[in-house]
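Could you put together the complete structure from these sequences and hints?
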Amino acid sequence: MNRELVSRALSGLDDRHISDTMCFSPGVMRDAPERTVHMKKKRILTVALAAALLLALGVTAYAVSGIVRSTGTHAMPKAANYASLSDLPVVEKDVGYPVTVPERFSNGCRFAGLRVEGEAVFGENDEPVKEYYSVLVTYSRPGAADRCLSISPVLELPGGAEAPEPSERRIIGGVAVDLSRDHYKLVPEGYEKTEADREMEAAGHYYISFVDAEEITERDYAFAGFVLNSANYMLMDMDADDSSPDDLAQMAAELIAAANGE
Amino acid sequence: MTDEEIIDLFFERSEQAISALAQSHGGPVRRVALNILGDPEDAEECVNDTWLAAWNSIPPARPSPLRTYVCKIARNLAAKRYHADRAQKRNSRYDVALDELAACLPDRDGVEDTVAARELAGIIDGFLDTLPREDKFLFMRRYWFADPLPEIAEAAGMSYSAAAVRLHRVRKKLKKILLKEGVPV
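Residue numbers (our numbering), protein chains in the order written: chain A, 271 to 532; chain B, 191 to 375.
Hints may be right or wrong, so weigh each one.
[Said to hold, decoys possible] Derived DSS-like pairs (lysine-lysine); straight-line CA-CA distance at most 27 angstroms:
#1 Lys362(B) - Lys348(A)
#2 Lys365(B) - Lys400(A)
#3 Lys270(B) - Lys365(B)
#4 Lys362(B) - Lys400(A)
#5 Lys400(A) - Lys463(A)
#6 Lys400(A) - Lys370(B)
#7 Lys348(A) - Lys363(A)
#8 Lys270(B) - Lys348(A)
#9 Lys400(A) - Lys270(B)
#10 Lys400(A) - Lys363(A)
#11 Lys366(B) - Lys348(A)
Simulated from the structure, these hints should not be mistaken for lab results.
Shown next as structure tokens:
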């Protein structure tokens, strides 16, 4: 292929595209002007990491269907960052379903910001089969890694979906909460599983996820997943240790109580 | 100093015009030159050539916005120099960006008589108008400014993977548009 032709074509692009690109600062780019708020850079990166993890999980969860191929972020007009819970009515209106987002938890986690993200389920030819909005909330606490809460609508997917097996299920406030602590190895396309990978996968709670990245990343994650008011809630600890499942279960209990008006 | 004040200096043929231009817009001009050429010395020469080109074209030109104008001059000078020198010096970063896009654009043999670079630019212009702002930002930063993907992802507030996946989808859309326009891909 001819690089020079491509380069010459790019050089001939209209000035408006160059100006538009230079006018976008990250905050301005992600948010509609009338409701622009600025999340701190660290928060944005935390949310991005959580989103990347959810993408990897999504591919794992839906790959079994013959029709649905993957889930992922999808450009949609109401994607935006919010720094205050006072914006929650706007968020609920935009995403189209009610969400419960506590301001603080008893373990010291406090609301630090949220992002409305456009997502889609993609079909065999990468066409969006279903579009929806998810909400990613970041909670911070002094001296500890941030926690994230992902909220998304319960989807009726053609062919169904297969979620990873939880480590434990607890009934909390009448809601089934699935708890997991898993090791994830995020690997680039083309990675060949080692014998050790296969053995650890067979042993359970060890997942190889193929992502569009150049380097291998390994982390321990803990999750507490449950369905509340027709939405999937997933609390995540992206730097998990032995206490993480219990801690997330307590956070789930407080969130469910808040949703029930207790 | 505002762009209008800088342009007034050019119209007065004041030597301060160049230093004021460099102070206000030197950063992005230097970045796009370095992204394409990959060599600091070559990039600095390109930046100086850009100031000279601006001096020679203003007046009569009164560009607005000024930053877009000088960045475009710098990019075109850098790209021309890059292709002229490419047998000696290769900048793998720019090659990688071009190759990504080249995969969904026509082969030279198929395009020379049907779609010239200018016509191709026109199609890409129209395509960019249809994209959401985020996707357009990613496309332009990657292929026009030749920025590395990790930097673009950070600027966009998204993960590397999400940016890469979204760019992949944008390229696929572009390929469909080219096919629709009758361009042999």
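So, going through the hints one by one against the coordinates:
The hinted pair formed by Lys362(B) and Lys348(A) meets the criterion: a straight-line CA distance of about 24 angstroms does not exceed 27 angstroms. Between Lys365(B) and Lys400(A) the CA atoms are separated by roughly 23 angstroms; this keeps the pair inside 27 angstroms, and the hint holds. At roughly 25 angstroms between alpha-carbon atoms, Lys270(B) and Lys365(B) fall within 27 angstroms of each other, so this suggested pair holds. A distance of roughly 19 angstroms separates the Cα atoms of Lys362(B) and Lys400(A); the hinted pair therefore holds under the 27 angstroms criterion.
Restraint check for Lys400(A) and Lys463(A): the C-alpha separation of about 32 angstroms exceeds 27 angstroms, so the hint is violated. Restraint check for Lys400(A) and Lys370(B): the C-alpha separation of about 25 angstroms stays at or below 27 angstroms, so the hint holds. This hinted pair checks out: Lys348(A) and Lys363(A) have alpha carbons roughly 10 angstroms apart, not beyond 27 angstroms. Taking the CA atoms of Lys270(B) and Lys348(A), the gap is about 40 angstroms. The hint is violated against a cut of 27 angstroms.
Using a Cα cut-off of 27 angstroms, the hinted pair Lys400(A) and Lys270(B) is violated, with the two alpha carbons roughly 45 angstroms apart. Between Lys400(A) and Lys363(A) the alpha-carbon distance is near 19 angstroms, which keeps this suggested pair within the 27 angstroms criterion. A hinted pair counts as satisfied when its Cα atoms are at most 27 angstroms apart, and Lys366(B) with Lys348(A) qualifies at roughly 26 angstroms.
Consistency note: the structure conflicts with the earlier hints numbered 5, 8, 9.
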